[in-house]
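K.L.:
Order-wise, the sequence lines are chains A and B. Residue numbering for the first sequence follows numbering that gives the first Met the number 0, starting at 0 and increasing by one per position. Residue numbering for the second sequence follows numbering that gives the first Met the number 0, starting at 0 and increasing by one per position.
A hint or two may mislead.
Unchecked claim - Here are a few chain A residues that face chain B, going by a calculated C-beta distance under 7 Å:
no.	residue
1	12
2	13
3	14
4	19
5	24
6	26
7	86
8	87
9	88
10	89
11	90
12	108
13	110
As the list claims (entries may be wrong) - If you anchor each label on the Cβ, the simulated ranges turn out as follows:
no.	chain 1	residue 1	chain 2	residue 2	range
14	A	46	B	114	41 to 51 Å
15	A	42	B	140	44 to 54 Å
16	B	72	A	90	49 to 59 Å
17	B	140	A	72	27 to 37 Å
18	B	25	A	25	23 to 33 Å
It is worth saying that the hints were derived from the structure and are not from the lab. Where is the CB? At the ideal position from N, CA and C, for every residue including glycine.
Residue strings, one per chain:
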Amino acid sequence: MAFQILIVDDSETMREFIIRVIKLSGFDIGRCLQAADGRQALEVLRSSWVDIVLTDVNMPVMNGEELLECIAADQMLRTIPVLVVSTDATSHRVDRMMSLGAKGYVAKPFSPETLRHTMEQLLGVPQ
Amino acid sequence: MSSQVVEFLPEAAQRTLETMFFSVPDVVSASTRRPAGDLIAATLTFRGSHRGHFGLLVSEPLARTFAANFFGCDEDSEMASGHFTGVIAELANMICGAALTQFDSSAALDLAAPRTFRLAAAAASPDFTSGSHSACCLEFPEGSLLLYLSFSQK
């Protein structure tokens, strides 16, 4: 089963890298959608089927925390697992994002295997 | 404080380069000698529990190699040449974040967006060294990468 992914990051460079890493990891990727901030992400989520969201924290317009709050408040979206992918791996930030509804947290730098394993866990794919 | 973080900076840099850029340096040292030739510079500030700034200088050929490795393409490809300053910005962000997280994992951390610029061989170096600082140099066949991490007084 190929999964539809939404990558939310204000850096096009990082979005392209994450797509590359997911493909490299052997994860069963279907359509890969992209958004440059939380607001764009919500538009995509409300118009397209998405199995999992990978989001950065610091973004203009709407950051990762605000995106998580909007997803948690939306009955149609709250079941979609959100994985935070961030440079900030302090316990302060991880706890904050998990308390807002994130289901996983991957700190940069990360290996393809780490990203794949975490995504499969969140999607219930047998390991 | 800088004496504590000095050990984390090269470790964070090597882990970032190996994991996400598939690059391993030949030599790691505390040298602050400016890399030769044309350079790419990146700088960013951080605040929260700790305040300060991070800077890097990288030889342009090495920056192109990093970009090619990051995207898994040839150095001459459109992807590598069109995005290589963006790749160096990501490199700065990741090394700084990894070093600070390792230094104080319970801190509140807020990293600003990195700023990158080109430096011709004859141009003066930016002042990354103000305040207390840690520095390290990673050498590769294509050139070298010089890193600075400085803390401001609160």
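K.L.:
Next, verify each hint and record whether it holds.
P.N.:
Tested hints:
1. 12: Holds, because the Cβ-Cβ distance from residue 12(A) to chain B comes to roughly 4 Å (cut-off 7 Å).
2. 13: holds (6 Å)
3. 14: violated (11 Å)
4. 19: holds (6 Å)
5. 24: Violated: closest Cβ of chain B sits about 12 Å from residue 24(A), beyond 7 Å.
6. 26: violated (15 Å)
7. 86: holds (3 Å)
8. 87: With a closest approach of 5 Å, the residue 87(A) hint holds.
9. 88: Because about 4 Å separates residue 88(A) from the closest Cβ in chain B, which is inside the 7 Å limit, the hint holds.
10. 89: Cβ of residue 89(A) sits 5 Å from chain B, so the hint holds.
11. 90: Holds - the Cβ of residue 90(A) comes within 7 Å of chain B, reaching about 5 Å at its closest.
12. 108: Constraint on residue 108(A) satisfied, holds at 4 Å.
13. 110: Constraint on residue 110(A) satisfied, holds at 5 Å.
14. 46(A) to 114(B): 41 to 51 Å: violated (34 Å)
15. 42(A) to 140(B): 44 to 54 Å: holds (46 Å)
16. 72(B) to 90(A): 49 to 59 Å: violated (36 Å)
17. 140(B) to 72(A): 27 to 37 Å: violated (52 Å)
18. 25(B) to 25(A): 23 to 33 Å: holds (31 Å)
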